[in-house]
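Number of protein chains: 2
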Amino acid sequence: MINKPSIPQGTRDFSAQTIRKRNYILNTIKTVFELYGFQPLETPAMENLETLMGKYGDEGDKLIFKILNNGLNNEKNIEAAKAGFEKVLEGKNSVDVTERALKYDLTIPFARYVAMNHTKLSFPFKRYQIQPVWRADRPQKGRYREFTQCDADVVGSYSLMNDVEFALIYDEVFNRLGLFDYELKINSRKILSALARACNATDKLVVITTAIDKLDKVSVNKVKAELSEKGLTEFQIELIEKYIAISGTNEEKVEQLINLLGKMPETKRGLEEIKKILQHTAGKNVVVDFTLARGLNYYTGIIYEAKAPAIVQMGSIGGGGRYDDLTGLFGVPDIPGVGISFGVDRIYDVLEELKLFPENLQVSTKALFFNMGETESNFAFTVMQKLRKAGVACELFHIEETKIAKQFRYAEDKKIPFAVIIGSKEIEQNYCQVKNLATGEQHVVIFENLINFFNNN
Amino acid sequence: MINKPSIPQGTRDFSAQTIRKRNYILNTIKTVFELYGFQPLETPAMENLETLMGKYGDEGDKLIFKILNNGLNNEKNIEAAKAGFEKVLEGKNSVDVTERALKYDLTIPFARYVAMNHTKLSFPFKRYQIQPVWRADRPQKGRYREFTQCDADVVGSYSLMNDVEFALIYDEVFNRLGLFDYELKINSRKILSALARACNATDKLVVITTAIDKLDKVSVNKVKAELSEKGLTEFQIELIEKYIAISGTNEEKVEQLINLLGKMPETKRGLEEIKKILQHTAGKNVVVDFTLARGLNYYTGIIYEAKAPAIVQMGSIGGGGRYDDLTGLFGVPDIPGVGISFGVDRIYDVLEELKLFPENLQVSTKALFFNMGETESNFAFTVMQKLRKAGVACELFHIEETKIAKQFRYAEDKKIPFAVIIGSKEIEQNYCQVKNLATGEQHVVIFENLINFFNNN
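Residue numbers (numbering that gives the first Met the number 0), protein chains in the order written: chain G, 0 to 456; chain U, 0 to 456.
Don't read these hints as lab results, they were simulated from the structure.
Since the structure is predicted, the reported quantities are computational estimates derived from the model, not experimental observations.
Careful: at least some of the hints might be erroneous.
[As the list claims (entries may be wrong)] In silico contact screen, one side only, chain U against chain G (beta carbon under 10 angstroms); selected entries:
hint, residue
1, 4
2, 40
3, 65
4, 66
5, 72
6, 87
7, 120
8, 329
9, 330
10, 370
11, 372
12, 377
13, 392
[To be verified] When the alpha-carbon atoms are kept at most 30 angstroms apart in a straight line, the in silico DSSO-like pairs for lysine-lysine are as follows:
hint, chain 1, residue 1, chain 2, residue 2
14, U, 119, G, 140
15, U, 385, G, 29
16, U, 184, G, 385
17, G, 29, U, 86
18, G, 274, U, 402
19, U, 434, G, 119
20, G, 275, U, 388
21, G, 275, U, 413
22, U, 86, G, 81
23, G, 140, U, 75
24, G, 91, U, 229
25, U, 274, G, 385
26, G, 3, U, 86
27, G, 81, U, 81
28, U, 91, G, 81
29, G, 61, U, 3
30, G, 91, U, 86
31, U, 20, G, 388
32, U, 388, G, 29
33, G, 86, U, 91
34, G, 385, U, 29
Glycine included, every Cβ here is placed at the ideal spot set by N, Cα and C.
Please construct the entire structure, taking both the sequences and the accompanying hints into account.
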């Protein structure tokens, strides 16, 4: 009895059609990254478990896929493995059972890479990285256990021009993909610090940030309730409510912020960052949003969040920000940086919904040569080899004694635009029939002109 | 105390330079696959453990990387996990400890995919797949625990034209890579069956094949000793020795084979296959080698092995063959096929040794705009944005108050061919200095001509 084969929950096979669409997105992003001087980096799927543990909080740690050591049944390992497994059952880790794990994001492996190679790298180091990551999350619509992340970071530079360029990279990528109505929200973490200081609650920065971060999903009243629950006073909550209420154009928001928090030293520095971005992105869809917080606590300056055009219900399709210390966790301090990522799966769904994938994306094979019998096939084959030499992708239908209807269906399934038919009469008279399968139009083309025909059609 | 970060044994980080070289190889192969009508497929890194187990022999099974289930410390799992781990310590598997594993090759996941989707696929199904696989092998020079495989297969067709096309694909790829002196060895498994029958030892086919397969590494006497040890008679060994001694041109070898084994029915069918390949590959480097055996037992017809040019000591850089039944293991019988793979890591080493990587491969960023101060940088930035719009990759050196020497070094490290220098005098007079960093040549270019300059240089 053979079980029906299946794949693990939360993973996907990608067919040719899906791969072409995904590559369209990934190649667009890659091209723009390279226009801005970023270079590719690839790190292994597996990292040492100790590289990953403790970097993503308790919840994150639980979602890391760990790899069982090989050879546990080996006599010299068996006792240690037994003791190690006791630890695993207590929710701890043991190198005697699992030394390695699948990477959970691209940031920590990148930090590990920079820490390992910092004496050899040329700074500022600008890298992009497009690779799968793995998370043992409960799978649901749009959430997978194996998915592709797409990051770019500059490390080793405090210059705000890097932050400016990331805003321009978002703009360029979304425009190239036809997402003209995207929105790029920006804020500075320094402004949130200013708010905490104005509340006289610098120790509660994380509480305030976490609560405000939920405004996307919950009402202002819910946020106020959370703040009150976490011990903030009425006066503090009132100030935060005023802060949340800031609205209008970018200029109006900046003015209101100055009125509210202008005296805080962080306000001045945060606004300098924001103004620098605005100065270089005039006319782009950059929107100042002081309630933008971004969950991760390592951000210290500019933060970004990219939103899909409002007509699709999708939310964030990218995000990032500036951090002060990438590699401190690995013993190499003082490497600041800024980085962004694109949410590839969501961008895919948005382009699909808005029908923005180019139509010609799916054409790979240009012509199917029909199988009209042994002799005809051998002849067709020599014609086909000339086309391939000239860069025209084509194939011969490789099944003996097949029906014409089946060959048409095959061409249709593979989205092959042309059928080439060469029978004995055609061989004799030095031409072939070329049928455009979309229009039904039929052309008589002499063999010498076939390359030309396909280059022009 | 922070440990020095490291990566798991047998895994690699790929820097930009290495990625560009690898992509050069992979893109060449991809382009040729597509010219022949193959379409991409991607399967997950993780498969269900039961999909993989029992497919690679006992030795292979041991080298599969298994993934520890998450949440083993959960109360409802803990008892089953304990019992399961006892099994693991006996060298068995337990879904209560590990349900999933990293893929070991691309063939079994492909077979699983075809078995899962065979009612929806259009046959003959021609797919290529370029993805990493994982093996818990002892790492050594040229052998990694995470490495890229690069496969193409046609399934659902018995036609020998598929086998012919794979020989031509090897030829086209190696020629495009400059490996003109490659050698493609071919044989048919049917010829080896004929030999076993002539020896009156069809039950010893595997023994004979395995012994002959070692001729690459050991002497004829060693092979004879092995055959004798495995119980073959003197008469049988003598016949095998004559078989091994077949030599000369392809035509001479075929003639000698007919003299030796012409009466066996498998000889006729095997030679038909070989002749079909030779007929369509005249003038290419195809060499008939009746001692070619290929270890894997599922091959039934043509087998291939590609060798690097003899001046490098590398051996096999690709291989494959025809099989009768890809998906029978997954309950879907009667899907025959033929496939090949390229050894990407070895091809990389060969191209490196023969200095065959194109020189311009490493140019990504075309120009580095030097940082000459705040005002100058802001001005340079607007110039740069125009270049980027025109598709010229460039970057501004993003560190405040930096030394000129450092900027030159940065350009050199990143292999950026041009430096652009814009000082206050240049801004005033509407031009910039462009320095070719390889030749030292300096050009004065007015801003309006800069796009043209870079398109022509």
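Evaluation of the provided hints:
{"no.": "1", "hint": "4", "result": "holds (5 angstroms)"}
{"no.": "2", "hint": "40", "result": "holds (7 angstroms)"}
{"no.": "3", "hint": "65", "result": "holds (4 angstroms)"}
{"no.": "4", "hint": "66", "result": "holds (5 angstroms)"}
{"no.": "5", "hint": "72", "result": "holds (4 angstroms)"}
{"no.": "6", "hint": "87", "result": "holds (6 angstroms)"}
{"no.": "7", "hint": "120", "result": "holds (8 angstroms)"}
{"no.": "8", "hint": "329", "result": "holds (5 angstroms)"}
{"no.": "9", "hint": "330", "result": "holds (4 angstroms)"}
{"no.": "10", "hint": "370", "result": "holds (8 angstroms)"}
{"no.": "11", "hint": "372", "result": "violated (13 angstroms)"}
{"no.": "12", "hint": "377", "result": "holds (9 angstroms)"}
{"no.": "13", "hint": "392", "result": "holds (5 angstroms)"}
{"no.": "14", "hint": "U:119 with G:140", "result": "holds (23 angstroms)"}
{"no.": "15", "hint": "U:385 with G:29", "result": "holds (19 angstroms)"}
{"no.": "16", "hint": "U:184 with G:385", "result": "holds (25 angstroms)"}
{"no.": "17", "hint": "G:29 with U:86", "result": "violated (47 angstroms)"}
{"no.": "18", "hint": "G:274 with U:402", "result": "holds (27 angstroms)"}
{"no.": "19", "hint": "U:434 with G:119", "result": "holds (26 angstroms)"}
{"no.": "20", "hint": "G:275 with U:388", "result": "holds (21 angstroms)"}
{"no.": "21", "hint": "G:275 with U:413", "result": "holds (28 angstroms)"}
{"no.": "22", "hint": "U:86 with G:81", "result": "holds (12 angstroms)"}
{"no.": "23", "hint": "G:140 with U:75", "result": "holds (26 angstroms)"}
{"no.": "24", "hint": "G:91 with U:229", "result": "violated (51 angstroms)"}
{"no.": "25", "hint": "U:274 with G:385", "result": "holds (22 angstroms)"}
{"no.": "26", "hint": "G:3 with U:86", "result": "holds (25 angstroms)"}
{"no.": "27", "hint": "G:81 with U:81", "result": "holds (10 angstroms)"}
{"no.": "28", "hint": "U:91 with G:81", "result": "holds (15 angstroms)"}
{"no.": "29", "hint": "G:61 with U:3", "result": "holds (24 angstroms)"}
{"no.": "30", "hint": "G:91 with U:86", "result": "holds (21 angstroms)"}
{"no.": "31", "hint": "U:20 with G:388", "result": "holds (24 angstroms)"}
{"no.": "32", "hint": "U:388 with G:29", "result": "holds (15 angstroms)"}
{"no.": "33", "hint": "G:86 with U:91", "result": "holds (21 angstroms)"}
{"no.": "34", "hint": "G:385 with U:29", "result": "holds (19 angstroms)"}
Taken one by one, the earlier hints fail for this structure at numbers 11, 17 and 24, listed in ascending order.
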